[in-house]
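J.: So the chains spell out like this:
Number of protein chains: 2
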Amino acid sequence: MSKSSLLITRIGELVTNAPDSRPGRFAAISDAALVIVGDRVAWTGPAARAPAADEVLDAGGRAVLPGFVDSHAHLVFAGDRSAEFAARMAGRRYAAGGIRTTVAATRAATDAELRAGLHSLAGEMLSQGTTTFECKSGYGLTTADEARSAALAAEVTPEVTYLGAHVVPAEYAADPAGYVELVCGPMLDACAPHCRWADVFCERGAFGEDEARAVLGAGLTRGLLPRIHASQLGPGPGIRLAVELGAASADHCTFLTDADVAALASSDTVATLLPGAEFSTRQPYPDARRLLDAGATVALATDCNPGTSFTTSMAFCVALGVRDLHMTTREAVWSATAGGARALRRPDVGHLAPGARADLIILNAPSHAHLAYRPGVPLIRAVYKNGRRCG
Amino acid sequence: MSKSSLLITRIGELVTNAPDSRPGRFAAISDAALVIVGDRVAWTGPAARAPAADEVLDAGGRAVLPGFVDSHAHLVFAGDRSAEFAARMAGRRYAAGGIRTTVAATRAATDAELRAGLHSLAGEMLSQGTTTFECKSGYGLTTADEARSAALAAEVTPEVTYLGAHVVPAEYAADPAGYVELVCGPMLDACAPHCRWADVFCERGAFGEDEARAVLGAGLTRGLLPRIHASQLGPGPGIRLAVELGAASADHCTFLTDADVAALASSDTVATLLPGAEFSTRQPYPDARRLLDAGATVALATDCNPGTSFTTSMAFCVALGVRDLHMTTREAVWSATAGGARALRRPDVGHLAPGARADLIILNAPSHAHLAYRPGVPLIRAVYKNGRRCG
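Top to bottom, those sequences are chains A and B.
Okay, so the first sequence: first residue is 1 according to the numbering used here, each after it adds one.
Okay, so the second sequence: first residue is 1 according to the numbering used here, each after it adds one.
Since the hints were derived computationally from the structure, they do not count as laboratory data.
Any given hint might turn out to be false.
Cβ pair distances, simulated, as ranges [to be verified]:
no.	chain 1	residue 1	chain 2	residue 2	range
1	A	R92	B	R290	15 to 21 Å
2	A	Y94	B	R107	52 to 58 Å
3	A	G234	B	G98	37 to 43 Å
Partial list, derived from the structure: chain A residues whose beta carbon lies under 8 Å from chain B [stated by the list, open to error]:
no.	residue
4	S82
5	F85
6	M89
7	A90
8	E124
9	R204
10	R282
11	Q283
12	Y285
13	S313
14	P366
15	P378
Where is the CB? At the ideal position from N, CA and C, for every residue including glycine.
Model the full structure from these sequences, guided by the hints.
T.: Shown next, in the form of structure tokens:
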């Protein structure tokens with residue numbers, strides 16, 4: 001039986017990001033149409049020249065975009081830190097342990113509790129137009145809790161990241177080297193079967209350069225590709241290390257040296273910016289213009305986590321990208337789609353050229369710019385994943 | 001036939017803003033219940049002591065809040081200014097006329113076109129939890145176009161504001177006094193039957209103190225209560241005039257003198273802050289702390305309009321209120337509900353004490369703080385207006 005086809009026509013603006021037309025750049029077609037066959041895009045072009053299909057959907061002049069690709073999220077956790085957030089915003093000290101608060105709640109949670117929270121957030125993402133997302137472990141920090149976090153994450157996405165090196169847990173406070181050994185040994189063995197990526201929080205107070213190199217090197221021996229949390233809270237060795245190791249992405253990039261910017265610009269390592277974190281911690285935003293103007297590849301992602309950025313909204317990150325990171329609307333939308341795809345080395349998503357996975361969103365708006373022009377407004381009218389409507 | 005009753009129980013946090021408990025302050029009950037009879041709140045209190053009712057809804061630990069009260073919105077217009085927005089964000093000049101661009105498009109639109117846009121935005125507001133909103137004229141600027149704008153607005157809200165004094169239209173550029181005469185005379189006569197409020201954009205480049213006084217004085221003779229756009233772009237006489245005239249609200253309040261703050265703090269005039277405008281124009285945010293610490297009553301509203309703040313999301317304004325205006329989560333939620341109600345002199349909404357209108361929202365979250373803790377995420381699970389579920 002042949003695959004059925006769907007023609008979406010009368011698209012006001014079809015954001016294709018077609019990689020052959022302007023590599024690394026936003027690309028769009030006005031008054032467009034798109035044909036899906038099975039789970040793939042089969043044709044794009046002017047509506048007037050669209051071929052026939054089994055089914056036709058009239059987009060009524062609305063914009064169609066690639067589904068968002070959220071390349072940085074921490075979704076396996078238990079507990080609520082809204083009181084900590086409210087206290088921080090009010091300028092009050094809060095006697096809580098940050099990440100370790102979530103680690104304690106996550107360890108204490110049942111599999112069913114973790115699964116319920118994870119699936120709820122995954123559903124929230126999909127309904128907001130995120131059709132591909134990464135999900136990290138990192139709130140278990142024991143072999144068993146990291147392994148169950150990674151296994152749960154694998155239920156909702158193929159882009160699972162091993163983040164045993166998130167922080168040193170309290171029980172290893174006196175023996176951080178012992179914890180790194182665990183992360184590079186038995187914990188890695190238990191997690192690797194569920195993961196595609198390895199990540200490390202390379203920052204003062206978390207893991208230093210040698211530790212990060214050891215963790216990512218061990219991951220590589222198990223086939224896990226590297227990515228790094230780098231330069232979120234201050235300048236450090238993370239960016240340099242990411243580029244040296246050929247990491248797919250260096251994430252945060254809030255405090256960069258000139259050498260960091262130059263290294264990113266001359267590499268395939270994506271600079272993934274996470275403005276939700278700066279929004280929710282009232283920190284200075286990363287300088288997207290400096291990176292873009294230097295020629296670096298920039299992605300936008302949510303950093304969804306219960307401590308410092310509890311948003312699943314890529315549209316919100318686009319709005320911040322434009323308003324506070326001084327990206328153009330085109331740059332921000334490219335970064336939230338094709339940029340995220342590069343940060344996950346996923347050539348099949350983030351664009352809508354023929355052959356791409358048919359992951360797309362229809363906006364209740366005539367152009368991509370409305371994602372920033374209409375901040376906070378839920379503009380997602382329909383979501384297609386693998387060619388099927390699912391929201 | 002007696003009215004049917006609905007018990008909403010297992011409410012994790014019931015934000016009542018009960019005006020008798022802590023006047024002008026956020027108030028909430030944990031593990032609460034609420035009874036609706038007809039279109040009114042009949043009872044609130046601990047879930048364990050809830051009375052019986054005809055129907056029962058289990059809130060499952062979620063938060064229940066008064067519906068948002070958006071006291072400042074411009075919803076009757078035609079045209080799209082996303083390209084102007086994108087150019088402004090990119091730091092490019094854009095050869096368009098600001099408000100006058102929208103005036104031209106609005107004048108050229110059919111009633112049906114204006115109505116479709118208006119009803120779409122009103123629906124968007126309701127689905128995002130805004131159960132009371134104000135709507136201004138101000139993009140017609142002829143007697144006929146202002147009258148039809150006001151009449152259309154009256155289809156969707158009782159809180160209609162006459163804003164003939166938005167800007168001086170191009171055809172009166174050489175005769176601004178003649179335009180003020182029109183606004184105070186025939187245009188007012190045509191609009192007053194549809195309106196409750198009169199407003200004026202009192203700002204350099206729009207209308208000065210004497211003109212504003214004339215417009216609001218004329219409105220009062222027709223029973224229209226005053227409100228003022230004041231000190232958005234620079235300090236001016238607007239705040240002082242608002243307090244002198246007993247205006248319900250002075251809106252924007254971005255550039256305040258110490259005397260302005262003192263005048264607001266010692267009056268019943270609400271300071272309505274519109275951070276969506278600063279977000280979308282990249283201007284400095286108003287200083288909510290200065291106003292709150294001085295004892296002024298603060299409201300948050302969207303300023304929804306196609307030029308400078310095209311958001312309908314009160315949740316987004318709450319998040320900005322917390323992050324960028326340095327309000328606590330309680331202050332921001334109070335300002336977006338009870339504060340807006342004060343700015344519209346509507347004692348029946350913005351709180352959930354017995355006797356209040358049963359306008360409320362159920363969040364997909366356990367507390368009000370999540371509106372800021374989870375920025376950009378659509379958290380509205382259900383909306384009740386006049387006791388009926390409508391979203």
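J.: Take the hints in turn and mark each one as holding or not.
T.: Structure-based check of all given hints:
no. : hint                          : in the structure
1   : A:R92 with B:R290: 15 to 21 Å : 19 Å, holds
2   : A:Y94 with B:R107: 52 to 58 Å : 54 Å, holds
3   : A:G234 with B:G98: 37 to 43 Å : 42 Å, holds
4   : S82                           : 4 Å, holds
5   : F85                           : 5 Å, holds
6   : M89                           : 5 Å, holds
7   : A90                           : 5 Å, holds
8   : E124                          : 7 Å, holds
9   : R204                          : 25 Å, violated
10  : R282                          : 6 Å, holds
11  : Q283                          : 11 Å, violated
12  : Y285                          : 12 Å, violated
13  : S313                          : 3 Å, holds
14  : P366                          : 7 Å, holds
15  : P378                          : 5 Å, holds
Violated hints for the displayed structure, listed by number in ascending order: 9, 11, 12.
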